[in-house]
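Engineer: Here is what each chain is made of, one letter per residue.
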Amino acid sequence: MVKVNEIAGPLVLVQGVSGVAFDELVEVVLPTGEVRSGKVLEVSDDKALIQVFEGTEGLEIKNLTFRFKGKGLELPVSRDILGRIFSGLGRPLDGAPPVLPEKKLDVNGSPINPFARDYPDDFIQTGISTIDGLNTLSRGQKLPIFSGSGLPHSRIAAQIARQASVKNKDEKFAVVFGALGITYEESEFFIANFRKTGAIENSVLFINLASDPAIERIATPRLALTAAEYLAFDLEMHVLVIITDMTNYCESLREVSAARREVPGRRGYPGYLYTDMATLYERAGRIKGKNGSITLLPILTMPDDDKTHPIPDLTGYITEGQIILGRDLERKGIYPPIDPLPSLSRLRDKAIGSGRTREDHAGVANQLFAAYARGREVRELVVILGEAALSEVDKKYLHFADEFEDKFIRQSESENRTIETTLKLAWSLLKILPREELKRIKDEIIDKYADQG
Amino acid sequence: MIKKVAGPLVIAELTEAKKADLVFVGKQRLIGEVIELRGSSASIQVYEETAGLKVGDPVESTGAPLSVELGPGMIGAIFDGIQRPLDKLMLQAGAFIPRGLYVDPLSRTKKWPFVPLAAIGDEVKEGDILGTVQETALVSHKIMVPPGISGKIEKLDSGDFTIEETIAVVSGRPVAMLQKSPVRRRRRLGKKEPVSVPLVTGQRVVDTLFPIGKGGAACVPGPFGAGKTVIQHQFAKWSDADIIVYVGCGERGNEMTDVLKEFPELKDPKSGRPLMERTILIANTSNMPIAAREASVYTGAAIAEYFRDMGYHVALFADSTSRWAEALREMSGRLEEMPGEEGYPAYLGSRLADFYERAGGGRCQGKPERDGSLTIIGSVSPPGGDLSEPVVQNTLRVAKVFWGLDETLAHKRHFPAINWLLSYSLYADNLGRYFNEKVSENFSRLRQQALKLLAQEADLEEIVRLVGLESISPKEQLVLFVAKSLREDFLYQSAFDPVDQYSSLGKQHLILQTILDLYQLGEKALGLGVEIESIRKIGVMEKIARARFSTEAEILAIGPLLTDEFNNLRSGKNG
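From first to last, the protein sequence lines are chains A and B. Residue numbers for the first sequence follow the numbering used here, beginning at 291 and rising by one. Residue numbers for the second sequence follow the numbering used here, beginning at 62 and rising by one.
There may be inaccurate statements among the hints.
Stated by the list, open to error - Quick list of in silico lysine-lysine cross-link-like pairs, DSBU-like style, CA-CA up to 30 Å:
no., chain 1, residue 1, chain 2, residue 2
1, B, K331, A, K462
2, A, K738, B, K545
3, B, K604, A, K686
4, A, K686, A, K732
5, A, K337, B, K428
6, A, K359, B, K64
7, A, K361, A, K337
8, A, K393, B, K88
9, A, K685, B, K536
10, B, K331, B, K428
11, A, K337, B, K65
12, B, K115, A, K352
13, B, K64, A, K729
14, B, K149, A, K361
15, B, K604, A, K640
16, A, K738, B, K568
17, A, K393, B, K64
18, A, K729, B, K598
19, B, K545, B, K186
20, A, K640, B, K568
21, A, K361, B, K322
22, A, K729, B, K585
23, A, K359, B, K65
24, A, K714, B, K604
25, A, K293, B, K115
26, A, K685, B, K545
27, B, K64, A, K732
As the list claims (entries may be wrong) - Cβ-Cβ distance ranges computed for the label pairs, FRET-style:
no., chain 1, residue 1, chain 2, residue 2, range
28, B, L152, A, V683, 57 to 65 Å
29, B, R506, A, V683, 26 to 34 Å
30, B, A237, A, K578, 33 to 41 Å
31, A, K293, B, M62, 18 to 26 Å
32, B, K172, A, G558, 53 to 61 Å
Derived by calculation from the structure, the hints in this document are not laboratory data. Every residue gets a Cβ at the ideal spot worked out from N, C-alpha and C, and that includes glycine.
Take these sequences, add in the hints, and give me the full structure.
Structural biologist: In structure tokens form, the structure reads like this:
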């Protein structure tokens with residue numbers, strides 16, 4: 291006799307079941323006939339602990355029926371998913387009929403064999419100088435945007451989605467968009483953007499809004515990445531996956547963990563937060579012998595702009611760098627307010643240089659970093675000592691930092707700079723500094739390119 | 062029979078099992094290990110994803126502990142945390158790792174040329190070398206008498222054999238090249254000796270300022286983006302160990318791909334052979350099952366000790382031990398143990414100590430007499446870069462070298478971002494004697510002087526920040542000037558420049574000597590009334606700045622130029 295022992299938070303504990311598998315999909319049927327889906331978090335003797343994606347509001351201890359599906363959550367896929375909009379659990383939201391599946395894929399996927407991976411070293415030109423020039427994005431990379439409340443991460447992500455291209459290559463592109471607990475306006479902004487540029491034809495959207503069930507968000511990124519894997523490795527497309535906002539995802543995870551009374555890690559987040567996020571982020575990449583790729587651009591808002599908060603912190607340990615937005619730049623009215631110093635692309639050095647971008651790229655980038663860091667230090671000094679106390683060289687660094695922010699970081703939302711334009715701009719800024727200060731660039735490179743700027 | 066499934070933990074009714082036994086779980090025959098026994102129920106950590114397991118599914122014990130296979134065929138291979146060969150898994154199952162698939166770690170069909178060293182009639186015991194197999198151009202694989210066997214050699218063959226074929230008979234017992242050894246059991250050295258020879262890494266800040274010795278234990282903690290992995294890769298590439306075991310523990314898949322792609326192309330600076338010919342990789346990337354992460358460092362250590370016993374200098378890199386500790390924490394949480402600090406189990410400290418204590422060098426067991434060593438370098442990823450957290454603190458208690466990575470340096474793109482004020486090496490004195498003898502007699506003195514200048518710089522910077530550069534004395538300004546050169550021209554080292562990425566000890570010494578000569582000459586000149594401004598402007602600085610890319614001969618040539626320039630300054634002053 292199946293009976294419900296407990297309904298607490300998003301969890302339902304049932305007793306009297308047999309043959310239930312760990313991680314299995316369950317349908318919970320209410321007396322009204324409404325069906326909700328859930329998954330099995332734990333099985334023990336004749337008990338099963340079920341997490342209900344749509345939440346447990348309105349469930350009662352009696353009168354529930356459970357249908358165990360004998361398999362995990364699956365996403366039906368076929369070429370027709372392109373251009374479609376789905377809910378956070380994969381149900382059509384655009385009024386069109388369900389997709390006729392070519393096959394059904396387990397949303398948890400399987401880990402990519404590290405031996406089968408192909409190294410991401412194809413430069414993606416995003417048209418944004420601070421990314422292309424300093425923190426270069428590669429095909430197959432996972433590069434999150436660390437943002438804060440009120441910062442324009444959506445506009446930047448949309449600009450990247452619009453402008454991203456690979457040099458001299460004309461290949462099949464697709465965008466997969468996963469919205470996790472964001473507002474209707476933010477989601478509409480992306481959808482309208484994709485519509486306007488026509489990108490919607492080559493996009494798959496999974497939308498879980500702030501008003502949708504919070505636990506559903508745990509499934510949404512998995513659906514989005516499963517769709518991306520199908521497009522990239524079955525249809526061999528180059529897929530850009532944008533997931534926003536990962537902070538909401540982690541909060542849902544914490545909610546489930548708290549309901550299970552697990553020993554919490556830092557700030558109440560479960561101890562397995564790192565592993566859980568890694569199973570999402572690591573699905574990005576390229577595979578030997580396949581033409582497609584998954585480039586992952588997760589967006590997360592740092593609570594109180596704190597980079598050491600567990601969510602950005604653990605993300606940074608998994609992803610291949612991070613793009614960090616700075617409130618100071620935003621206050622100065624600079625778009626995009628990407629702060630180059632704490633931002634990083636770990637794959638940059640393998641993706642740039644002669645044959646990929648240009649031979650002077652690495653040296654120039656390192657020099658810009660070093661010079662801008664020094665300029666910012668000088669700026670702090672000025673606050674205490676006043677500008678008169680600066681040495682001649684320091685004054686030049688100060689001037690450089692101002693110009694760098696104004697010309698290099700600042701660009702308009704519709705400005706699509708080629709890498710050559712970005713490098714040319716860089717050389718023109720480096721001219722501000724005396725030549726002997728350019729220690730990070732080799733002599734012969736300076737001779738060859740300095741006049742370009 | 063399974064009673065409960067919660068993530069990677071399975072509790073099963075299992076009457077005939079010992080602790081640490083390897084078991085097959087469920088119809089899928091997933092690999093697991095018994096970690097706790099209570100009455101007739103056993104807690105099992107499962108090394109593969111457990112989705113789909115049901116209450117009532119069968120569990121079967123093998124009766125043997127989780128073991129590694131040791132024998133020819135390991136060099137150049139890439140294994141997962143429980144030594145499944147990832148290249149062969151791909152051939153069988155494609156790009157994604159399937160469940161319940163077991164492939165022999167070492168090839169059973171490949172024939173290896175065995176050359177005997179011992180002779181029929183010899184009395185042998187555990188650890189004695191029977192013969193060798195030239196596994197790669199760099200590694201001659203010594204076939205040793207396995208544990209538990211001793212006596213007279215009755216038969217000893219020569220020729221091509223697979224690892225399972227009998228190559229010798231000792232006291233009536235057949236011996237093959239393949240050995241199995243429990244991963245959690247450490248292999249003993251004959252006699253452990255103190256660390257006295259450096260592991261030369263070619264990284265200036267490491268070798269000169271904070272050296273590590275062969276047989277030592279070191280840790281690299283740092284926040285994300287500070288360059289832990291790049292440093293580990295640099296060590297794995299350029300250090301003068303004979304064998305490299307690299308454990309990618311809970312880290313990025315692409316980092317392993319990077320090693321796999323780059324190492325076959327890079328040449329060992331000593332022999333000119335591809336680096337892959339001395340490297341073994343163990344990969345449990347962050348998306349692979351967590352329980353296998355816990356096992357992966359032990360698998361690495363067991364393999365490393367085996368090569369050490371052959372008389373090799375082995376370096377084991379574990380990136381990152383924090384992920385290993387987190388795996389420990391997750392299992393502990395699922396076992397509902399009482400948590401210690403930050404949810405880590407109370408035994409975190411003893412497990413870490415036990416792991417780092419496997420480092421060491423000395424006389425190996427068995428004949429002929431030979432010395433081997435195992436150096437362990439672990440990286441730590443503290444949450445938020447906070448060094449007071451339990452994994453860092455427990456590691457610092459056992460590791461003798463601490464390379465503290467600094468986020469501020471990383472933001473300025475000063476790499477390696479090892480903070481020279483924070484880091485230390487307890488081997489510096491011991492190894493200083495070696496450097497003084499083998500490189501230059503003033504090596505230790507220069508090192509002291511450089512550290513002193515850098516410390517002075519930090520103090521002076523504080524003052525300058527408050528009152529401005531002009532208000533400190535010319536002598537102090539000279540300290541700042543020379544320290545800047547030390548930072549930018551000596552400590553800064555590019556991991557991506559073909560020349561700069563590896564600096565021989567001789568070259569390191571020459572650059573340091575040149576910069577400190579500059580200090581000496583500068584001090585003297587200031588005493589004679591030369592302006593600090595004119596010292597700042599000397600033309601030879603440009604040559605010093607390029608020394609990183611220069612040959613030793615070119616750096617040697619800077620010395621006289623420097624003296625000339627200072628003579629000119631002085632005579633300019635006088636005349």
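Engineer: Give a verdict on every hint.
Structural biologist: Structure-based check of all given hints:
1. Pair hint K331(B) plus K462(A) does not hold up; C-alpha atoms about 46 Å apart against a cutoff of 30 Å.
2. Among the hinted pairs, K738(A) with K545(B) is consistent with the structure: their alpha-carbon atoms are about 28 Å apart, no more than 30 Å.
3. Straight-line distance between C-alpha atoms of K604(B) and K686(A) comes to about 23 Å, which keeps the hinted pair within the 30 Å bound.
4. Restraint check for K686(A) and K732(A): satisfied, since their Cα atoms lie roughly 21 Å apart, inside the 30 Å limit.
5. Of the pairs offered as hints, the one joining K337(A) and K428(B) is violated, with about 60 Å between alpha carbons and a cut-off of 30 Å exceeded.
6. Proposed proximity of K359(A) and K64(B) is supported: the alpha carbons are some 20 Å apart, at most 30 Å.
7. Note on K361(A) and K337(A): the hinted pairing holds, with a Cα-Cα distance of about 18 Å set against a maximum of 30 Å.
8. A threshold of 30 Å between alpha carbons decides the hint, and for K393(A) with K88(B) the separation of about 25 Å falls inside it, so the pair holds.
9. Distance hint between K685(A) and K536(B) is fulfilled; the C-alpha atoms sit about 23 Å from each other, no more than 30 Å.
10. Annotation: proposed proximity of K331(B) to K428(B) holds, straight-line Cα distance about 27 Å (limit 30 Å).
11. Note on K337(A) and K65(B): the hinted pairing holds, with a Cα-Cα distance of about 9 Å set against a maximum of 30 Å.
12. Distance hint between K115(B) and K352(A) is fulfilled; the C-alpha atoms sit about 25 Å from each other, no more than 30 Å.
13. Annotation: proposed proximity of K64(B) to K729(A) is violated, straight-line Cα distance about 65 Å (limit 30 Å).
14. Proximity of K149(B) to K361(A) is assessed by CA-CA distance (about 28 Å); at most 30 Å being required, the pair is judged to hold.
15. Pair hint K604(B) plus K640(A) holds up; C-alpha atoms about 29 Å apart against a cutoff of 30 Å.
16. Distance check on the hinted pair: K738(A) and K568(B) sit about 29 Å apart at the alpha-carbon level, within 30 Å; holds.
17. At most 30 Å may separate the alpha-carbon atoms for a hinted pair to count; K393(A) and K64(B) exceed this at roughly 33 Å.
18. Our distance criterion of 30 Å between C-alpha atoms is met by K729(A) and K598(B), whose separation comes to about 15 Å.
19. With a CA separation close to 58 Å, the supplied pair K545(B) and K186(B) exceeds the 30 Å bound.
20. Our distance criterion of 30 Å between C-alpha atoms is met by K640(A) and K568(B), whose separation comes to about 27 Å.
21. Proposed proximity of K361(A) and K322(B) is contradicted: the alpha carbons are some 37 Å apart, above 30 Å.
22. Using a Cα cut-off of 30 Å, the hinted pair K729(A) and K585(B) holds, with the two alpha carbons roughly 27 Å apart.
23. Note on K359(A) and K65(B): the hinted pairing holds, with a Cα-Cα distance of about 19 Å set against a maximum of 30 Å.
24. Proximity of K714(A) to K604(B) is assessed by CA-CA distance (about 28 Å); at most 30 Å being required, the pair is judged to hold.
25. Taken as a hint, the K293(A) and K115(B) pair is honoured in the structure, with Cα atoms around 19 Å apart against an allowance of 30 Å.
26. A distance of roughly 18 Å separates the Cα atoms of K685(A) and K545(B); the hinted pair therefore holds under the 30 Å criterion.
27. For the suggested pair K64(B) and K732(A), the alpha carbons sit about 66 Å apart, so the restraint of at most 30 Å is broken.
28. Distance hint check: the CB atoms of L152(B) and V683(A) are about 59 Å apart, consistent with the given range 57 to 65 Å.
29. For the pair R506(B) and V683(A), the supplied restraint of 26 to 34 Å holds, since their beta-carbon distance comes to about 32 Å.
30. Between A237(B) and K578(A), the C-beta spacing of about 34 Å keeps the proposed range 33 to 41 Å intact.
31. Checking the proposed 18 to 26 Å range against K293(A) and M62(B) shows it holds: the Cβ atoms sit about 24 Å from each other.
32. A hinted range of 53 to 61 Å for the beta carbons of K172(B) and G558(A) is consistent with their spacing of about 58 Å.
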